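Novice: Each chain is listed here by its residues.
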Amino acid sequence: MKVWGKRVAPLLATVALTAVLAGCATTEAESSVAAYEKGDSVLELNFWTSAVEDVNQNLVNQFNETKGAELNIHVNAEYQGDYWEMQQKINAAAIAGTLPNVFIDEVAMTKGFADSDIIANLEPFMETDKFDTSDFKIGDLGNLYLGEDLYAFPHMRSVPVMYVNKTLAAKEGLDPNGPATFAELEAYLQTAYDATGQPPMYLFNYDFWVMEALLHSYSDTNVVNEDETKSNINSEGAVKLITFIEDLESKGLIKVLGVTDKDAYYASIANPATALIFSSVGGYKTFAGMAAESGIDLGVSMIPAGDDGKRGVPVGGSNTYLANTGTDNEKAAAFEFMKWLSDTEQAAYASANTGYLPTRLTSLDTDLMKETIAAFPGYKVASDELEFSKMRPMTGTYHEIEDLMGTRINDIWLENLPIQASLDNLAKEVDDILNR
Amino acid sequence: MRVWLRLPGAGLRIIVSVLLIVIFLMPFYWMILTAFKTLGEVLRMPPKFWVDSLQWQNFRDAFTRINFLHYTRNSLIITLGTMLGQLVVVVPAAYAFARYQFKGKNALFGIVLATMMIPGQLIFLPIFVMFAKSGLLNTYVSLIVPFIASGTAIFMLRQTFMQVPDSQLEAARLDNASEFKIIYTIMMPAAVPTLSTLALLTFIGTWNSYFFPLVWTTTDAVRTLPLGIQKLQDVEGLSPQIVMAGNMMLIVPILLVFLIARKQIIKAFTYMGVK
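Just so you know, the sequences run in chain order A and B. Letter 298 of the first sequence, counting from 1, is numbered 298 in my numbering, and no numbers are missing. Letter 237 of the second sequence, counting from 1, is numbered 237 in my numbering, and no numbers are missing.
These aren't lab readings, by the way, just hints derived from the structure by calculation. The reader is advised that the hints may include incorrect statements.
[Unchecked claim] With a straight-line Cα cutoff of 30 angstroms, these simulated DSBU-like cross-link-like pairs (lysine-lysine) come out:
{"id": "1", "chain 1": "B", "residue 1": "K181", "chain 2": "A", "residue 2": "K251"}
{"id": "2", "chain 1": "B", "residue 1": "K231", "chain 2": "A", "residue 2": "K171"}
{"id": "3", "chain 1": "A", "residue 1": "K262", "chain 2": "B", "residue 2": "K103"}
{"id": "4", "chain 1": "A", "residue 1": "K262", "chain 2": "B", "residue 2": "K48"}
{"id": "5", "chain 1": "B", "residue 1": "K48", "chain 2": "A", "residue 2": "K255"}
{"id": "6", "chain 1": "B", "residue 1": "K231", "chain 2": "A", "residue 2": "K111"}
{"id": "7", "chain 1": "B", "residue 1": "K231", "chain 2": "A", "residue 2": "K67"}
{"id": "8", "chain 1": "A", "residue 1": "K339", "chain 2": "B", "residue 2": "K231"}
All values reported here derive from a predicted model rather than from experimental measurement.
Let the sequences and hints guide you as you build the complete structure.
Specialist: Have a look at this one:
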């Protein structure tokens, strides 16, 4: 009941809010804006944070003590919950006129916020500041943009990776880097299964972002078509993927977990019988610590390649957004804070203390990141995987679609429903939402 | 109940009883067990059903890593405030619906009942905007006032008040007792089991409430303990033993209140004919 409430209630609220905000439209941006002018009194900014609360709070404290003190800007960080809770709170605040100056949210939400005029186009601010974004070139940047204009700064970056139980692999003579391709996956899992008699891999597809990686790599397709008007979830590639996983599941090689089993999914990382798991690199340090508690040496490899070596992984994580609220000087001050937050040292700090990847190329050259990568080589693997990165669907209704797809696809696996017919029905439902 | 009586033999009844007890108690046992484990023990496969040594520091960690006292104080203020507010609003409303004849009574009562059928997700936004416009966001008022006119409570209390004999009210009125005195000296004593039940239901509902304190607050100022525990989950990452220690501290007041009031609750549902 609690899980239902936590998943469905926010979704209902989000749908209601999206409908209310649907009438809003993006306004034309000016070509440049006035730069921040330091006043005699301290300018207070509100910054709503989401996920990894302690890291964000520490960064804000650092800003207030250094750059903020220099510029007479004080930032108040307020934690608002996970990405989806943040989304509905931002939408509600937009209607009530209580938006914060800056906020963090998931990368795929840029278009939804921009379409509703909740966030500001950053181009005029960058024009005034002569801000150079070339250092952001770490992975696909599509989710920062709407058309040609930048609407967000990257905050933390993640990609799905394959965690490998190197201890089990060494014991059973398996490749410690895991299977390199999906063609090798079944044999790899079969060897582990024969050794332990337990499921060697767990799949939690409610984190649909991971499924996006499988659709890219195994099926060479995306969830939706290019202009996001039609679903590809019943395409030939998608059907092949769902069939492939069902086959592995029927052989006991993958255990598909239900929506209430998220904790069990994460706990499976510390199970000595688990050989592989697909999850975000953002949890790398936590997962490595958990695995170590069970005496497991946890490795990180790229998501296996599909036919002809095809790979594709969606870029996830969070962006910082400048809200369309306050005076021009407050917006300029908020932009100063966003610049500082996305700078080399801060990006390195956020990455080293979590598992997320830094958002700047220069961060990789800092001593902190060099030490971190030396101690946790999985960072390097994930950085290399960014070569195959793809942007996530941008539609403002994507969270609703993700939830629907996770539920329907799990139903196929857990209730043995006919795959093609079920995916055809699912595609119709997704199309209805896309064209609503 | 009848099915239960038809079961052959006491042995089977005992087995079924034990099974039911295990099913109901297992989640609580697991929560308590996890709260006292180390992370290594929590993650161990196959899981252990006991602990080698009690890890009291999990409670200390849960207590210190979030501002536990702050969240607890907020939960207490909001829960007790809602209960008191309901007493002031619900009792006279239920009395009016039970004992007065006035134009539009049935329509009004229908509206009260209809409020029970509207999902909170549909009304949270207008209420949020209303509080934001009136500067009441992040205040106790915004988390108490919307819940004091409870349709469920008015309905349950009305049913109870309707069962008080007319003769008692007529006798009181002959003695020139005011309506307030009638409520206070006749109606409320007769409704003690119902009032206890309502108090308990309100206590549990408000104490555990997650959605409304989440969407109607934007700072930590008046956030409640369930939000604090959720924050603990985020701060602690994957440390289920600390989160479970926090959850244990969250449910202790509910268990205590339930243990104290359980006889009154059974009485109330019997008295109201709601089984």
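Novice: Does B:K231 sit within 30 angstroms of A:K339, going by the straight-line distance between their CA atoms?
Specialist: Satisfied, since the Cα-Cα distance of roughly 27 angstroms is no more than 30 angstroms.
Novice: For the pair we were handed, B:K231 and A:K67, check the Cα-Cα distance against 30 angstroms.
Specialist: holds, 28 angstroms
Novice: Just to be careful, I want the Cα atoms of B:K181 and A:K251 compared with a cutoff of 30 angstroms; is the pair within it?
Specialist: Roughly 74 angstroms between the alpha carbons, so the hint for B:K181 and A:K251 is violated.
Novice: Hinted pair, alpha-carbon criterion (30 angstroms max): B:K231, A:K111. Please report holds or violated.
Specialist: Measuring from Cα to Cα gives roughly 28 angstroms; hence the hint holds.
Novice: Does the structure keep B:K48 and A:K255 at a Cα separation of 30 angstroms or less?
Specialist: Holds - the C-alpha atoms of A:K255 and B:K48 are around 22 angstroms apart, at most 30 angstroms.
Novice: With a cut-off of 30 angstroms on the C-alpha distance, tell me whether A:K262 and B:K103 pass.
Specialist: Judged against 30 angstroms, a Cα distance of about 55 angstroms means the pair is violated.
Novice: Need the status of pair A:K262, B:K48: alpha-carbon distance at most 30 angstroms?
Specialist: holds, 20 angstroms
Novice: Is it true that the CA of B:K231 sits at most 30 angstroms from the CA of A:K171?
Specialist: violated, 39 angstroms
Violation of the numbered hints given earlier is confined to hints 1, 2 and 3; the remaining hints are satisfied by the structure.
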